[in-house]
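Student: Make a model of the complete structure from these sequences and hints.
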Amino acid sequence: MNHLAYLDAGSGSLIVQAVVGGIAGVAVAAKLYWRRLVSRFRRQPTDQS
Amino acid sequence: MAIPDLGRSTRPAPLDVDPRPEPGSFRDPANRIFHAGDDVLRALDRTAAAHWRALAASSFFPPLLAAGKVCGTEELPPGSPLRDLPTRPASSDWATVLRHERVPFVSHPYEWSFAMVRDAALLHLEILRAAMSAGFTTKDGSAYNLQWRGTDPIFIDVGSFIPLRDGEPWAGYRQFCQTLLYPLMLGAHLGLAFQPWLRAQIDGIDPEQMGPLFRGTRRLLPGVLTHVHLHGSVQRRSAATSTADVRAQLRDAGYTRELALATVRGLEKLVRRLDHQPPSTHWVDYQQTCGYSGDDRAGKERFVAAALAVADRRRLVLDLGANDGRYARLAARHADYVVAVEQDPAVVDRLYRTLRGEGERRVLPLVMDLADPSPGGGWRGVERASFAARASADTVLALALVHHLAIGRNVPLPEVVACLAGFAAPGGRLVVEFVHPDDPMAARLLANKPDGLFPDYRRDAFEALLAGHGTVEERLELPSGTRTLYRVAFS
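Line by line, the protein sequences are chains A and B. The first sequence begins at 1 in full-length UniProt numbering and counts up by one. The second sequence begins at 1 in full-length UniProt numbering and counts up by one.
Simulated from the structure, these hints should not be mistaken for lab results. Idealized CB from N, CA, C, for every residue including glycine. Treat the hints with care, as some may be off.
Unchecked claim - Now the stretches of chain B that chain A is said to cover, found in silico as 3 or more residues with beta-carbon under 8 Å:
no.	region
1	31-38
2	168-181
3	253-267
Tutor: Written as structure tokens, this is what we have:
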């Protein structure tokens, strides 16, 4: 937790900034979503076992 | 790091007035603004004090201060009586106290014209870009971070600067969109006045509210697809994820300071593209169409100039119904600061651009309807002070205004006079014009109302009302014979 931030920056507002930052930013956002997706599939077998 | 000349002594005044916490500064607990007499003080907790010292020693902040882009700020020396400020319950003493330049007249973004909001937004981004390049950022991105010194925007939230952590996007982006970017989009893309939106919602316009206004091909207008639609949609989908998790995920995915800077540059480019001149209304040409003869105008100018010249205190002049700013400019030659209030956003926008072009730095134009002035806003209605609470002028100019309120808006004449007198500080003066019922402009207004609706709209009734509030020092009937000017002194 960033104790310096008194403001709720908004999770969506943080992510969308990557996208508006140009091609490199879009790549970062894509990587973030890809990692979320992969971690979801990885976690599932563990959860069931 | 001295405070620029504020037109007053720099004495280390003893604390003869109880410091009063600024009702609008509670949101960030790391620092708090207090007013002590004329002094504006910012108390900082330990972390905020460390950030202030890093900021003062940084490469980017002193030049911004020197250029007047950030409000004048100095740290009070230990032992200064002004450092003795009340703390919050259950918290340790403030670590240090800063003294700020006093903003001549505090205004709110819903009182600014389009070009003013645009220039304020550009200054915020310029400062953020400079900060980021030097390893700092701002905690927030609100339009309320900005105020005016005449037609120059200034960044006032010195407590907002914190060290930038690599891999973190700007925490103030959402606020920037809601209080600066979206209002500009409403103006530039849709030709809508943004002021009512900002006045109604202290946190600005939500992406969810913007979305329905930008359907169909409007989605393709500059900035709309990303900053409005994508922003709204990612916000909805991410509501369940905490900002701490998102920050960590972004850092892991390779988000860098360069990307954060690219976003700020992108915003600057977008704001520069969002230009818009509010459409002309009949008020724009009012000075040409309002029926003054050259003799009337000359007489009126002499009367107003003489009234300003006799004033003992000349700190603030309010020009109510300022139109093209003719008398506000005249007042600026006699006073420290002039606030020119006008209800038409197009007129104010034009006046702002003209004054800025002329380099006039002592007139602040504001958009406001005097029959519906800014109320108190935000928490308990005091977080943003009402116009009535802020307006206390040494001289109040109300030229060609009374008939618009009394006849055009049906405000009872005693109410109009009481309101105008209330804007004057004790010992102040009112310069007011009464347009007789038989004047062509008054007759035009009266023609739209049933006969006999305003039986007390008479010169003798008006004079009796003025005498009830103060002393009528001067009176001048203009050569046309249908307008009279009065100078009233209040005790």
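Student: If a hint holds in the structure, say so; if it does not, say that too.
Tutor: Going through the hints against the structure:
1. With 0 residues carrying a beta carbon less than 8 Å from a beta carbon of chain A, the region 31-38 of chain B misses the three-residue requirement, and the given coverage is violated.
2. Residue count for the region 168-181 of chain B with a Cβ under 8 Å from a Cβ of chain A: 9. That meets the three needed, and the coverage hint holds.
3. Using a Cβ-Cβ cut-off of 8 Å, 10 residues of the region 253-267 of chain B lie near chain A, which meets the minimum of three, so the contact claim holds.
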